[in-house]
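Enquirer: Chain by chain, the residues run as shown.
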Amino acid sequence: MTHVVDRSLLRKIKRHGAGSKLDVDACFQCGNCTAVCPLAEDSGGFPRRLIRMAQLGMEKELLASEDIWRCYACGECTQTCPRQADPAEFMAATRSYAISRYDFTGLAALANRSVLGNLAVFALFSIVFGLLLASAQAPVSPQAPLFDFIPGWWIHAIGVALFVVVGISAALGMFAMFARFVMGQRRKGVPLRLGALPGAIASAVTDALMHRRFQRCDSGQATPPPPVEPWYLRAWVVHAAVMGGFLTMLLATTLDFLFKPIGSPVPPWYPMRILGLVGGLTCLYGLAIIFLRRIRAAQPPWRKSAFSDWFFPSLLAATVLTGLATEVSVYAPLGSVGHGIFFTHVVLAMDLVAMLPLTKFAHVLYRTLALTLFAWRHAPAREHVTVDAQI
Amino acid sequence: MSEHNQQVQPQKNKPMQNERAADAPLRIGVYICRCGGNISDVVDVDRVAETVKLLPDVVTAKVHTFACSDPGQQTITNDILEQNLDRVVVASCTPFLHEQTFRGAVSRGGLNPYLYEHVNIREQASWAHKHDPEGATIKAIRMIAAAVGKLHHVEPLEQIKLPNHRRALVVGGGIAGMKAASELAGRGIKVLLVESSQRLGGQLNDRGRVYPTERDAKELVEELARRVRTHSNIEILMQSNVTAVSGFIGNFKVAIRTEAAGIPVTETTVGAIIMATGFRPYVPQDGEFLYRTEPGVVTMPEFLQLLRSTPDAARKLTWNGRVIRNIAFLHCVGSRQLDGVHEPPPNGRLNTYCSRTCCTTILQQALEVRHRFPSVGVFDFYRDIRTYGRGEENYYSAASRAGVTFFRYNGEEPPRVELTPRARAKEGVLSVTLNDTLTWGTELSVPVDMVVLGTGMMPGEIADLIEQMKLATGEDGFLQEVHPKLRPVEVSVNGILLAGTAQGPMNIQETLAAAGAAAVKAAAMFAREDVELNPYVAEVDLSRCCGEALCVTQCDYEGALQMVSMEVEGATVERAQVNAGLCVGCGACVAVCPNRAIDVNGWRLDQFEAMVDGIAAAIPGQECTPELVNIH
Amino acid sequence: MNTQINSDYVPDVLVIGGGIAGLQSALDLADQDLRVLVVERNSSIGGRMIGLSKVFPTLDCASCITTPKMSAAAHHPNIQILTNTEVQAMETRNGIHSVRLLQKPTYVNFDKCIGCRLCEYACDTEYPDPFEEGLGSVRAIAVPFTNAIPQKAVLDAEHCATCGVCARVCPTDAIEFDQQPRTLTIHTDSVIVASGFNLNAVTVKPQYNAARSSNIIPPTMMERLLAPHGPYGRVLRPSDGKIPSSVAFVQCAGSRDESIGVPYCSRVCCMYAIKQAMLLSGALPLADITIYYMDIRAFGKGYEQFFQNARAMGINFVRGKVARVDPIEDGDLRLHVETTDDAENPLQEHRHDLVVLAQGMIPAWNPAATTPVACASDGFVATPSLTDPTATSAPGIFVAGAAAGPKDIVDTIAEAGAAAMQVSRYLHEKRAAVLVGQAVHG
Amino acid sequence: MAMKTLTAEQKKALAALRESIGGISDEKRQKQKHLLTTRKALMKFLEQQPATVPQIAEALQISADEALWHVTGMRKYGKIAESGEDGDYPLYALAALEEKAHSGSQEVKP
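Protein chains in written order, with the numbering used here: chain A, 693 to 1083; chain B, 385 to 1016; chain C, 696 to 1137; chain D, 73 to 182.
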């Protein structure tokens, strides 16, 4: 079966890149990016192979590949690319493109292609959640507890509904990717053993949580001599701080939801409060480092930033900051200002969840799925992996 | 450095060879070159030196790492002066490379340069018998013994001096010819420029812009044409062909026929001939990539013509009434051909060489298409992108960035050009299919409306001139230089020089440089009043010649040997006479003369006999002589 | 002082650089009875070429081609040569170029030195030999190398222990410890810039780790290893003298790479890598030899056949840009490459015990800083004329060889001839104009 | 080799040269000393038997590349010569006194 070349795919993907700066057309297929990548394995697929797929319009193959998600954007490829074609940014743009293609609502495509689209989707969600919350708002005095200002049950009701919708949407997106992957493997005639799937899931989730792969990017194996950064500045630690902080806050919120009666007052040392606070601060630390790097733009992957690179951390930071302010206002009532902060926090938190399957944030899901698929694809061959590749 | 200059002067006060007492033994020096290791890795040069030292009259035998280097030459010069040597043997590489070098060293020692013998123990011993060191060593000894034998029979010779016509013939009015002509004219040398067509500028007239300057080829042609047309030292003959060439360096007789009616054949004399006959573009065979079968398949010259004839304001590129939406460019059409992969042309000779200019030309056109017609898709099928020259890699990166899609094929599996199946014909009537190595060997098919064949260069059609002038061509069919580095623009016939693509594929700057290089050799030659030639020509012994003229009938070189009338003892008789300028010293005459009345100076029969004796003699210092023929 | 040339010596042409380009230009001019002064900043003429082993595609030994030209130039009555001399500045007034030269002291009187090397044998200070790319050793006073011209000893003050033994053994009292640098200004009608090229450093791409292993070498070092009288007399790797069993050539290691600021092709690397590979397979019949390349650029006459011969000889060609070279145990190196040759297993690691990096050609001298000659954006001398490719932006100043961009020897020699032709035409026309002017005004 | 004594002018010029290169630093002196002692030790070691570069390096407690450099220099000036191979490494031995290192011409004697 011959493939018929189609140039339009690359144009579409480039729209997801950092402005007009993505120069991936310059790629002359030398393979430097793949060979320099600390994470490239076996097929040597990425990034060169993925760029080639994009150049030729092999969309099916591109979307069926889990490889785009295995990249942690360390920027080594971009730094050393002989044509300065910016493979790392290409990978990021392709991830964004894939999110848009996996999402059936079309909102992802809108949000990811342009600044305006991104803001529009954000505004849309904010208005919807704002109106929904406002609709149940009781007229209360500025001194009233927060959960009298907006009833706790109403927040929970919207929250649960939101989680269900987002869950379905995310599941559909992940299924879209999963199905393409399975079909792709079948086309290639690669056998997949169902029995190996649970093991693959387990290893992928641990990988993701422990940042095992991400650590390889920071191993100093790549560019010598490694100007070894202190551990607290390494990219994977920063990423783990954001991720871990966020998950901790999510855990604290969930535990609150499950075990604490709504609106019941608790002391500041209440374990879930402390958990939330620690999570929030950790997350903020990570975000601060990320912002600093993007502002300094000293080296890839920070040199070029798409709007979405700013948007998602900003949304997260805003959510955390309003959350912390809300905490403060619980113990030191700020009156209607406190109510305003609380309202904003809830809206932002809901935006965050709602935009999960649509934005960069979706990589939490897709990357974990990709790691699973990768582990699954490799499960039968595990015994042979140890052969030294040296010739 | 002043000391070098002093060494140039021969020591006049040294007794010359002919002043030697007749019965005094000769004093022969033998110098054996290691040639880095080219010789000494196989031949035991130290043993050779020790052995040949025992040969009659050899007073010194030395080994040197690079005899041709300055210290090596200095050793020889010094030994001649200090040890009163009167004969010298150098055993090294081919005389082709360094015979002249050592003649110079011998001259600087004050010795007649023809009292010197060159023995080739590299090509003929160490290289030929790489796996038989013993045999090679013995052979080297025997060859040196032959030279030593010969040296007992040589006399000093003087170079032949012939008058030098300070006028050059430039054959071909392309940019190479025009450049060479204008340089020489500017130097004050008369030039006759002969062009077979009606216009100056040759192939370049058919080009658009030239890379990497992106200036119009017309500008270049017009500037050079203006120079040659306006220079008083240049005479131009258009629509003219050289029909006959005879003579020799400094004194070539050429006949030129002009196409126009009524003009008689011109005969003229020139001192040097510059061959600037150029190339011709490769024309694919019928059906090669569907050429001449499908109108959408065109060669690069045809495509250049299309681009040039399409107005700048045109929004669309059309060909044969069809709008072109996608174009494929194929590299290496008619170049880098492989045995067993490509169909040989009727002459049976595959073009195995790289045509050097096609890659950048293709990329330049691809870029122009993308710039002028942004909606046209451009697809490039290559083996290796060879944008080697200054500024050329920019075309490659600019073409990539302009959205040209590249495909890479293995030489063994060229892409196929096919008619598109009816179902997909709306995307393009043609398709190019290949196993793309950039896409992990996947078979890809690209529908296009036009396929441009990146055709390369072929040798010009100058078989008659090659025959006339006894020029050599290489395996590639282009004119062959003597040596790519030592004598890059000279051919084996003295006085004939190569300029530009007659010698092989070149781009414009390289062509202009080659033309300049050819011109400078001519200019140097014309800086002398006389032309000096090697004295290896036949000489008639009138006391033995009986006028049978067998030699004349045997001679292959017109005019070299003629019968002339002369007075001998009162009677007018016909005797053979040699024209030293035309005689090449081949010896065909020597073989047929029944009276041994003709012989070649420097290679006389008695000298050959002495060489044979030298080879056959017992190896000195060796009790049991190894077999004479120890050669595989 | 190493010469008797003074400022009152007025050559017709001053040639900057005594490499193959400069020598060929000088010879072609001198053969037309023009007086030529060649200025060379090293201790010997011969340039880059004299350090090569053999040359492609004929596999002639480089010395066999270079030394006769060096010798011819040195013996030519119309050619003067100044070694150890640099051009400091040049200015042009009324068509006359005034070139300020700096002659560095050699501490040896060249008129007295007879090249006997007794001083060299007596000296007991040695330092890494620059001619051998630092692999061999040379004494603080020495004749630069076997084929050097002039064959005169030169004292290296930086490494000299000032013991004076050289002066004590010199049979001709040629050693002059009190030599001082000397400047002189030469006035001339025309100049040829033939200042050649350098290679960018092996460390230019940090991913190749050349700083961490002496077995990652530049191609010029491989030339010396292969040269008939190279430092080791045979091919050994520099870290421990092992006979290599697996040698890699990494192409485009210093050119065609925008990430290191050298986007252009260096033009000669493909061919010399193939040549070195062929010579290596002769020197080390058991060794594996691999050339990692992006495009093989065998464009010249006979080059493609040379490449095909190398393939037939069993030299491995792997298409892919080497991304990393990591030093591993036993002084060996591991190369990381993604090759497009192998669809099944493209991402490969290969172990070698010697790696040659094809470094990029960069200009050896920037004339734009001190002379009227302009350079182009690639750093090489600009040649703005469409019809006269050896003309620079400054009238009367011409350029030949690698000073005007990377070039192989064949193209360099042709260009040197072309530059010489341009000069002789320029001088002829200029002088004719002066004669006409005199006739008119006189 | 005939040794002359330096004239007063030569001594003065030599002192001036020494000064112009900034004198002979301790570092330079140490380097020179190291060169001479290493060469001496190497000669002594090779008196026992031929050795490879790694063996020399181990015996002399220097790095292998330094050992190779010394071997190279001493080979160039005719002190040692190659004598066979041991595995992947050439062996080096003391050169017989009459075997001078290659110089340009065989008959040029130091």
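To be clear, the hints were calculated from the coordinates, so they are not data collected in a lab.
Certain hints may be false.
Simulated crosslink set (BS3-like; lysine-lysine; CA at most 27 Å straight-line) [claimed, not checked]:
1) B/Lys-700 / A/Lys-752
2) D/Lys-84 / C/Lys-807
3) C/Lys-807 / D/Lys-112
4) A/Lys-704 / A/Lys-880
5) D/Lys-112 / D/Lys-151
6) C/Lys-807 / D/Lys-116
7) D/Lys-103 / D/Lys-116
8) D/Lys-151 / C/Lys-799
9) A/Lys-880 / A/Lys-752
10) D/Lys-100 / D/Lys-116
11) A/Lys-704 / B/Lys-700
12) C/Lys-799 / D/Lys-83
13) D/Lys-76 / D/Lys-112
14) C/Lys-799 / D/Lys-112
Enquirer: Look at each hint and say if it fits the structure.
Expert: Tested hints:
no.	hint	result
1	B/Lys-700 / A/Lys-752	violated (32 Å)
2	D/Lys-84 / C/Lys-807	holds (21 Å)
3	C/Lys-807 / D/Lys-112	violated (34 Å)
4	A/Lys-704 / A/Lys-880	holds (26 Å)
5	D/Lys-112 / D/Lys-151	holds (11 Å)
6	C/Lys-807 / D/Lys-116	violated (39 Å)
7	D/Lys-103 / D/Lys-116	holds (20 Å)
8	D/Lys-151 / C/Lys-799	violated (33 Å)
9	A/Lys-880 / A/Lys-752	holds (12 Å)
10	D/Lys-100 / D/Lys-116	holds (24 Å)
11	A/Lys-704 / B/Lys-700	holds (25 Å)
12	C/Lys-799 / D/Lys-83	holds (21 Å)
13	D/Lys-76 / D/Lys-112	holds (26 Å)
14	C/Lys-799 / D/Lys-112	violated (35 Å)
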